[in-house]
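J.: Residues per chain are reported as follows:
There are 2 protein chains.
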Amino acid sequence: MDKTLDYIMAKPPKNAITPTRAEDFPEWYQQVIKGADLAENSETRGCMVIKPWGFALWEGVKEYLDKRFKETGHENAYFPLLIPIAHLEKEAEHAEGFATECAVVTHHRLEAKKDEATGKTKMIPSGKLTEPYVIRPTSETIIGSAFSRWVESYRDLPLLINQWANVMRWEMRTRLFLRTAEFLWQEGHTAHATKDEAQAETKLIHTLYQEFLNEVLAIPVIAGEKTEAERFPGAENTYTVEAMVQDKKAIQAGTSHYLGQNFAKAQEISFLDKDNTTKHAHTTSWGVSTRLIGTLIMAHSDDDGLVLPPRIAPQQVVIIPVTPKEESKDAIIDACQALASTLRSKVEYGGSTVRVKVDTRELQGGAKKWEWVKKGVPVRIEIGPRDLESRKVCLARRDQPSSEKSFLDREDVINDLESILAEIQENLLNRATTLRDENIEECTDLSVFEKHWGGDENAQPSWLLCPWNGTKEEEETLAKKHKITIRCIPEELQKGASSCILTGDNTSQWVLWARSY
Amino acid sequence: MDKTLDYIMAKPPKNAITPTRAEDFPEWYQQVIKGADLAENSETRGCMVIKPWGFALWEGVKEYLDKRFKETGHENAYFPLLIPIAHLEKEAEHAEGFATECAVVTHHRLEAKKDEATGKTKMIPSGKLTEPYVIRPTSETIIGSAFSRWVESYRDLPLLINQWANVMRWEMRTRLFLRTAEFLWQEGHTAHATKDEAQAETKLIHTLYQEFLNEVLAIPVIAGEKTEAERFPGAENTYTVEAMVQDKKAIQAGTSHYLGQNFAKAQEISFLDKDNTTKHAHTTSWGVSTRLIGTLIMAHSDDDGLVLPPRIAPQQVVIIPVTPKEESKDAIIDACQALASTLRSKVEYGGSTVRVKVDTRELQGGAKKWEWVKKGVPVRIEIGPRDLESRKVCLARRDQPSSEKSFLDREDVINDLESILAEIQENLLNRATTLRDENIEECTDLSVFEKHWGGDENAQPSWLLCPWNGTKEEEETLAKKHKITIRCIPEELQKGASSCILTGDNTSQWVLWARSY
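Protein chains in written order, with this note's numbering: chain L, -14 to 502; chain D, -14 to 502.
Hints in this document: simulated from the structure, not taken from any laboratory. Any given hint might turn out to be false.
For identical chains, the list gives no copy identity; a pair is met inside one copy or between any two copies.
With a Cα cut of at most 25 Å, we get these calculated SDA-like pairs of lysine to any residue [as the list claims (entries may be wrong)]:
| # | residue 1 | residue 2 |
| --- | --- | --- |
| 1 | LYS113 | GLU86 |
| 2 | LYS314 | ARG140 |
| 3 | LYS264 | VAL201 |
| 4 | LYS55 | PRO299 |
| 5 | LYS259 | ARG340 |
| 6 | LYS331 | THR85 |
| 7 | LYS377 | ASP319 |
Whole structure, please, built from the sequences with the hints as guidance.
T.: As structure tokens, this is what we get:
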């Protein structure tokens, strides 16, 4: 092996991430986040700092969805962070649903006070508010209140509003991206003249979320409706897209709610209709959050770290100059920059110019390589001294084992890059689809069901597709017993007439039971 | 006058906005916001709802600045909304500067409690926190704390981070956009190995803000440094861009702070330098906020409502079909749509495709026209029945009196639109520059100075450019007496050696005194 190659292939560790998925999935998840420099815990209880590489993923989510929302007639707006408690109280079920996890603002300034014991000056809350506020856990109530001012006639409908914002729910146990006290999200809120229109809106967004997960994040979701027990507090229907990640747990990746006239009545969103009568509007709300980033990580990453589908990768290609000798260094860096700018000008993928970075940092080649592996960049290209004349490059794909490389002519890279990226995207979707399809089992027998969830604590069981017509209470009892939930009544996978796994009654409704994040 | 024309020119009111600027500037401002549907007050004390047209202006600001920040090497990230009080305490001057206006979170849930007197159930704060948090009034402390973890060696520097976020300052008197308890902003935070580099960064952003205000918002700012009295709490230098709006008051439109090593020392942001010694970093911070929208409104709008420079207008052209007769309606709407799509495909302005909207709503033509006038759309095009054959359109520019119109061939609109938009943009900048230049006066005599500020309460006086070497205390006394402040030590406009207007001492430093928002 010549010096260059040796330099390129600096002995890899067995895996870039310790532990592996098989050894300890939750800890592996934390280490992937750390290795890819996505986020970290902060001194604020349960709140994370989203670092640049992690935030760039969220920017990718925003860019795509914002465009789709606007194309479908929605407009962005911004509503207050703080909600007067009286507002929250208006919709009782909703208030109850969020009351146990609200950050409450009670004072409006700080006062310096000397601590008699320590002699130190401390800042203490001062200026008590007569009416406290909660930091929005979601904005139905404050936005509904604005809607009641904005809507007067049928001409004002539909009202199609979206907000990109931070929200806060005081969760007791938190996990980076998946469950944090503060998180970022978009919340759509719409008002319509009729039930049909509002339901069509809910379904439109439900479909849009599916397409996004599928096409951009390469995550094949199961789409369906939530049961009453799992519905959004105050909603009449909640539609969900459920992802299966590599430990076979479910993650609710996006929900759309048809709120009926519940919120409209509580908040007086009424309008004069064409027939000259006053009616309450039908409203919807829908959202996805930074939780999507957690889902993305758990769906594709491997024991070497993050794996990013090209469509969402902040950089799709990284070019690393391999410069063991000072004399050829400049020429190699020039060749890398030249290739990058050719790729940027000639290659399009997913509707935009390919995103290419040349990493010229003064850092040992092996360390640099492993950094990009852990960051999940789809395509890694290296150019070394011997490649200058041959006009070849060494290309590695993140969806293949890290030892696999191909040596390509530069012209071929330019011609093939688009299809290489498309192949990686497809490959990741296929893998995730296989995982999902292999881990959903039909089950019509309660004893098999009970045994399924009672096995080895560490081995995550498959999802079970079961006939179900139990009550809300029966569902909650079973859920509590096995630490499972009905993820949804899937739109596909319905198997026709059968008997409910619990009650034995005839039913043709099949539901998906699973463990979840 | 034929029916069509009559229809187009539906008798205008004297002015679309009541009162006029001359009658009552503050109330005019509120009415411009209302007329353009930009924002409104909410039930949350001091917090506004930013409505779609207002939010689209902020999206324009974000899009431009975000691109520039990224081009100059900055990355976006996200930090917690809540700051532990202990963090705020670390930099004493900084803590003191914000302590009197902080929203404080003291509890983490709500509990339903029956009110004995009324019998009603009320939600009251519960789950008291041992350590309260403040909602970020700015993020130097929490970001500094992250930087102290991220920075170890000179290789980690410079660290160039930006955050788009909401912040909260419990202001007593609020005014839409200009001063609200919650506002949206970007805050840049950077760390550098040397003072020179940090100062260069501060100046780079200072210049970038000037360019943005000038080129995009058509607002000619005065750039300069703040005096000690007006500096950001904890900073060594604060640079500002100051805008003069139509009532001649000043608005601080964007600031960049060189923080020296103050925050780095308070928060232990230190690094091992090339010379193997440990040093504290030099940090900067800088920001612009939704206050820019208030500045924009006050800089250009007239007695008919909002006036938008084309570069920032969410829609640059609105095309209104004038359809007095049912039989020609479809053909007119088709002609409007056809013109819109030709303009979108053929005309570029300010680096992107021209933004054109066809307003096909069922609404009386006059009402529709005035709505767009009040929303400030730069170019309004009307097509009526007689224009179908002649292939002409009626075009009105928002920077000209609302009675002025020109009748152009459609081909000419396509060919000339880019230059029409450029002309409007330039025209607005020129007007604002004239206003500014005509309202800055040199003053070297204290008695003239005193008289200048003591005149008619309603007539806003010009800014005064004065030689100044007074102390911080002398400045504050004078400021309080006349309700004025030194806006900055301007970079230009320096007039050389003179005597301080207050102390009479020799000085070559000239400062700008003004009333401000």
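J.: Under the constraints set out in the numbered hints, which ones does this structure not fulfil?
T.: Hints 3, 5, 6 not satisfied by this model.
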